[in-house]
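Number of protein chains: 2
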Amino acid sequence: MVRVDRIRKDLEFLAGITSTPGEGVTRLAFSGEETRAREYLRKEMEAAGLELYRDNAGNLFGRREGRLKDAPVVMFGSHIDSVVHGGAFDGPAGIISALEAMRVIKEQSIETSLPLEMVIMTEEEGGRFGSGVWGSRAMAGRVSREEIFEGRDKEGITKAEAMRSFGLDPEKVRDAERAPGSIRAFLELHIEQGPILENNGKDVGIVESIVGIRTFFVTIRGKADHAGTTPMEFRKDALVGASRVFSEVDTIARRSGKGTVATVGMVNVRPGAFNIVPEEVHFSIDLRASSEEVIEKAAREMKRFLEDQCSEQGLEFLWEERLAVPPVNIDPTIRDVFVQVSEEKNISTHLMASGAGHDAMVMASVAPVGMIFVPSRNGKSHCPEEWTDYEQVAKGADLLLGAVIKLAG
Amino acid sequence: MVRVDRIRKDLEFLAGITSTPGEGVTRLAFSGEETRAREYLRKEMEAAGLELYRDNAGNLFGRREGRLKDAPVVMFGSHIDSVVHGGAFDGPAGIISALEAMRVIKEQSIETSLPLEMVIMTEEEGGRFGSGVWGSRAMAGRVSREEIFEGRDKEGITKAEAMRSFGLDPEKVRDAERAPGSIRAFLELHIEQGPILENNGKDVGIVESIVGIRTFFVTIRGKADHAGTTPMEFRKDALVGASRVFSEVDTIARRSGKGTVATVGMVNVRPGAFNIVPEEVHFSIDLRASSEEVIEKAAREMKRFLEDQCSEQGLEFLWEERLAVPPVNIDPTIRDVFVQVSEEKNISTHLMASGAGHDAMVMASVAPVGMIFVPSRNGKSHCPEEWTDYEQVAKGADLLLGAVIKLAG
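Respectively, the protein sequence lines represent chains L and X. For the first sequence, counting from 1, position 357 maps to 380 in the working numbering; every step adds exactly one. For the second sequence, counting from 1, position 331 maps to 354 in the working numbering; every step adds exactly one.
It is possible that part of the hints are untrue.
Stated by the list, open to error - Below, in silico cross-link-like pairs of lysine-lysine (DSS-like), each with a Cα-Cα straight-line distance of 27 Å or less:
no., chain 1, residue 1, chain 2, residue 2
1, L, Lys403, X, Lys403
2, L, Lys246, X, Lys246
3, L, Lys246, X, Lys403
4, X, Lys320, L, Lys225
5, L, Lys281, X, Lys225
6, L, Lys92, X, Lys281
Unchecked claim - Covered by chain X, according to a simulated footprint, are these stretches of chain L (three or more residues, beta-carbon under 8 Å):
no., region
7, 59-69
8, 244-254
9, 301-310
Worth flagging that the hints you see were computed from the coordinates, not collected in a lab. Positions of the beta carbon are idealized from the N, C-alpha and C atoms, including for glycine.
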């Protein structure tokens, strides 16, 4: 069995490694905080009998050999970087679960056919260079020279410079790429970052799919007019048109069902004076669903509504697709292993979609993947209040442990 | 008859007195530009046989005596200050019409029973110290010591300091107040700043009322959540609630009719990230109508809709009344004089409400007032494109001239 006291000690220690003490965890990629966190983890991983190595993207691995030589590996882990003023569990919950699983495997001298590797992924959040899931993308061969040599953080430091100061050679990132078939399974435990498990009173979530994301930026243009002297029938009020779109985006998401969500989060109204009719409204639509068909249909409905509204009210618009990430299906055999193990261990589960992207989403292009969610108190994440009880992390870690052993045979 | 060539020459000359040449007229109150404009007007007013004097608020008067001693005066004029990057007609159209009327009265040696005064009001726009209709408020006894000694412009200069550099004693502003009954009528010609006259193809507008203004600032508060991981049914999206209010504000204004207008012009959405459900939306409602009952009813309907929306969606709100200016009724006898004169002079008219506040609105508390509107091309104002054909100004000036002669007997 995994031990809650060790999980607690590890998570509390990592929570203290932040550049914003008292104001949540800030541990940016390639930073001094990340280095200190890794020093702690290196020692713990070595104590768990693992052989450490690092790839050229900065991902840190702890390997335990299996009975079979040159066999594909069962890999599991998460990330250690955070957003600015984030929480103590987004990333570390998965790292410490993996570490604790490795400890138990050593303590119980469990032999597996396949080798095991726990992994600390680099720069999942993208909080520093604006390009997230970096470590997993490097393993999937999906990084560009531009982001390495041209992207800069707030201080003007390029990712290449940050990598060098981390002892990495930015010219060799491509070496991190993994060959197809070399990873038998990639498993990630992560906090849910939403309210579903808490509301259902379940111990863990077994992820069936990671939602696809479509992001649109829309501009509606009307006419700026004096709010006092322009009768209603002469107006082309960009905000009146936009407000109906905002409302309809919500309605379409609810009607689409199957966990579809849509959000207008960013809104700019110009000129923005209380006594001038709005000339232009610029806003974002973030649309997510587990199936590409549902996304396509919802996006079409939103755009058609926008077109109708604008033509009805004499407004112009610009519809721009900014991001399109397809949904990822979780490997059903891995999902079934999770279900089986959780039944054996009497852990209550909820089959669900992941509404956020994770390293596992990227890894799905090089390996069968599986994801375990543990509950987030009040659904909160990316803030200092982010919380999961240590006992809840331990239940997830226990499920991870059982699944790793089963998959590695 | 008034002469278009002189009106044109005057307006073109004033248009050139701006601190932002090539980018519209910027002629702030108590500025060097205002001083230069007044120097020109002083000469022209003297040439029109007027006796000049200035009150302690800075209002400049040009007086022509009538046959009766100590009789109430017929006063007419407008302002000479502008907004930043404003137009050449908002204010000057009324000033130059008044000047041209005085010239014609002199040329034709017209004798009136009552004395006549044209007036150049100070700081109508409030573009510099943020407190508009200053000159008329001083005449109505509605200025405060705070705005004189504490309000500052962008450079940190108080109004008191600006007044001193203009040769005025800020301690004596109260002397500008006019006794009840001392003004027989106050007439103002102004550009419409809206599209109604142009759309109706009428020469001038005769204002029947100046709308009342009610300004509300509303805050709707929900819950910030991750846009991917928070199912629709768990959200408290402040923008979804707000968007329905935006739309309903428009609907209520249209349903209220009688020229009611309502505008949501200023909107702030927080935190404002594309992947976070909006926690808070702060916005303005500007509501105007000619009758206090209509305003009251519309405001009640808006607030009730807001309450219903928020309680339905679990949102909180704050409803703040920021400004309440009651509607002003134009003196019906003056309106009738305008109608009569326009029929005699074959000037086509449209009876209408003024959707914006003007000096005449304030003067209504000390004298019967009347207002003439001349058309604004494309309804535009407070921008460099602001335009009224000189012939259109002349028609309005001709109506003003006739009405002044009739009212002064």
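To see whether the hints hold, each was checked on the structure:
Distance check on the hinted pair: Lys403 (chain L) and Lys403 (chain X) sit about 48 Å apart at the alpha-carbon level, beyond 27 Å; violated. With a C-alpha separation of about 33 Å, the suggested pair Lys246 (chain L) and Lys246 (chain X) falls outside the 27 Å cut-off, and the hint is violated. Taking the CA atoms of Lys246 (chain L) and Lys403 (chain X), the gap is near 10 Å; set against the 27 Å cutoff, the hint holds. Proposed proximity of Lys320 (chain X) and Lys225 (chain L) is contradicted: the alpha carbons are some 51 Å apart, above 27 Å.
For the hint pairing Lys281 (chain L) with Lys225 (chain X), the CA-to-CA distance comes to about 59 Å; that exceeds 27 Å, so the pair is violated. Distance restraint check for Lys92 (chain L) and Lys281 (chain X): the Cα-Cα separation of roughly 87 Å exceeds the 27 Å cut-off, and the hinted pair is therefore not satisfied. A count of 0 residues in the region 59-69 of chain L with a Cβ less than 8 Å from any Cβ of chain X is obtained; the coverage claim is therefore unmet, three being the minimum. Proximity of the region 244-254 of chain L to chain X, defined as three or more residues with a beta carbon under 8 Å from a beta carbon of that chain, is established by the 7 residues found.
Three residues within the 8 Å Cβ limit are the bar, and the region 301-310 of chain L against chain X gives 3, so the coverage statement holds.
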